[in-house]
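**Student:** Top line first, the protein sequences correspond to chains A and B.
Just so we're aligned, residue 1 is where the first sequence starts under my numbering, counting upward by one.
Just so we're aligned, residue 1001 is where the second sequence starts under my numbering, counting upward by one.
These are computed hints drawn from the structure, not numbers from a lab.
One thing to keep in mind: the hints can contain errors.
Unchecked claim - As a list, the in silico DMTMM-like pairs of lysine to aspartate or glutamate whose alpha-carbon atoms are at most 20 angstroms apart: (1) A:51 to B:1116; (2) A:51 to A:33; (3) B:1311 to B:1251; (4) B:1327 to B:1297; (5) A:11 to B:1054; (6) B:1311 to B:1287.
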Amino acid sequence: MERSEILVTIKDHLEARGIDGELVTEQADLANDLGLDSLDTVELTVGLEEKFGIEIPDTELEGVVTVGDAIDLIQTKSPVGA
Amino acid sequence: MIDVVVTGIGVVTPIGIGVDAFWAGLMEGRSGAGTIERFDPSGLPVTIACEAGDFDATTYISPREIPRMDRFTQMAVASAALAVEDAGLDVEELPKARVGVIAGSGIGGLETIEQEHENLRTAGPRRVSPFMVPKLMPNGAAGMIAMRFGFNGPNYAPASACATGSHAIGEALRWIREGRADVMLAGGSEAAITPLAVAAFTRMGALSKRNDDPMAASRPFDAERDGFVFGEGAGILVLESLDHARARGAEPLARVSGYGATADAFHVTQPDPEGKGAAAAMTFALEDAGRTPADVDHINAHGTSTPYNDKTETIAIKSALGNEAKKVSICSTKSQTGHLLGAAGAVEAAAVALAIHRGVVPGTINLENADPECDLDYVADGPREMAVNVAISNSFGFGGQNACLVLERS
């Protein structure tokens, strides 16, 4: 998966929840810049799992601080069953 | 004793959003009923309801917050915003620790529950939203209202089915009277018109089946009534101590002077056939206000349009007021709005405050041939211009829970 494709998906997900898409860059801090709380993060994770057909265990989310970190994590995953 | 006044009203109802539209709807005798539009009701035995179809959450709530709220919370927050504006409250100037919110719901976020249960069944547990619990909990609305304005005072949600809104206002009255709050936002909200709830209320025999003529379906006290019309909406009133209102130069709409609460302890859905619990709640509310039956000009009835309620409420009014009952102008707001369940008591208390302030009692629509057992003056001939000095607002919930309020001219 291309980084740009993943970024657009994250941006679309967050825009649908009222977050300004302009703020969604690779450098953006999920909590401090975008205002995501733990519930938002769970919802985003599930949205990305659905979109890309992957599974992201909750334990692997701990090091994810920025949008770029999330993209890194998603790039390590292969679609389930692929 | 500390006097408590209503200084602002916010409502979302099937006949109008905001005080002016709601009042215009009452004065025009508008019905909010129609065929259900939020989902396809075909296949259900009841296909009509009073929906707040004009409600647009984006007018009141940021796009960031909307998906985090069930519709009942959206309506409550919108009503709170409208009430704060109507009261002319300068939120930044308020002593936040002395401003509370008591806002309940009869059911809570039923639409959310149904949606997430579907997700669980079709896609598994990871697809259940992390927002499900905060969206469905009936106290979510009170919490969200506090967060919007930063009010740190007492905050909770009564749940007494169709009496919820009245209990909320009565509880708020007590907090201010005790001197433990200066301002309280109080009321209720409900947005539970879903296929599951329509099916369930139909199975109880509670809903009107007049599918072919929805605007005539809610007909309280009429001989041909066959159940209530399911409604949705919210009402929030700003209550404050008279001193607090005076200090900021606010004009009171009415005074809240009495609160009576009882239980039938009889049956979970049927009222006591003698209306004893309802009558006692009215009597206690009058006593609390220091009033007698002869003082009462107007009653906003619970008036659901079910065969049981309207008959036993009539008995209860006669029992509580004696010979004075025949002189009182009684109306059912539910004839126009349908039954707003947990919001009903709040929206109806709003109607009473406006009736007092504007000197007009709204009518009861669709009352064409009164049930012989309903033989009081239900203002069937449309709004009535009259001085309203003392009024009662009745709410009786499933569970046998009764709450009555007395409001009077301030």
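**Student:** Would you mind confirming whether the straight-line C-alpha gap from residue 1327 (chain B) to residue 1297 (chain B) stays at or under 20 angstroms?
**Tutor:** Given pair residue 1327 (chain B), residue 1297 (chain B) holds - Cα atoms ~8 angstroms apart, limit 20 angstroms.
**Student:** Within a Cα-Cα threshold of 20 angstroms, do residue 11 (chain A) and residue 1054 (chain B) meet the stated pairing?
**Tutor:** Violated - the C-alpha atoms of residue 1054 (chain B) and residue 11 (chain A) are around 30 angstroms apart, more than 20 angstroms.
**Student:** What's the verdict on residue 51 (chain A) and residue 1116 (chain B), does the C-alpha distance respect the 20 angstroms limit or exceed it?
**Tutor:** holds (19 angstroms)
**Student:** For a C-alpha distance cap of 20 angstroms, please report whether residue 1311 (chain B) and residue 1251 (chain B) respect it.
**Tutor:** Outside the cut-off at roughly 38 angstroms; violated.
**Student:** Taking 20 angstroms as the top limit, are the C-alpha atoms of residue 1311 (chain B) and residue 1287 (chain B) close enough?
**Tutor:** violated (24 angstroms)
**Student:** Would the hint linking residue 51 (chain A) and residue 33 (chain A) be met if the CA-CA limit is 20 angstroms?
**Tutor:** violated (24 angstroms)
Checked against the numbered hints given earlier, this structure breaks hints 2, 3, 5, 6; the rest are met.
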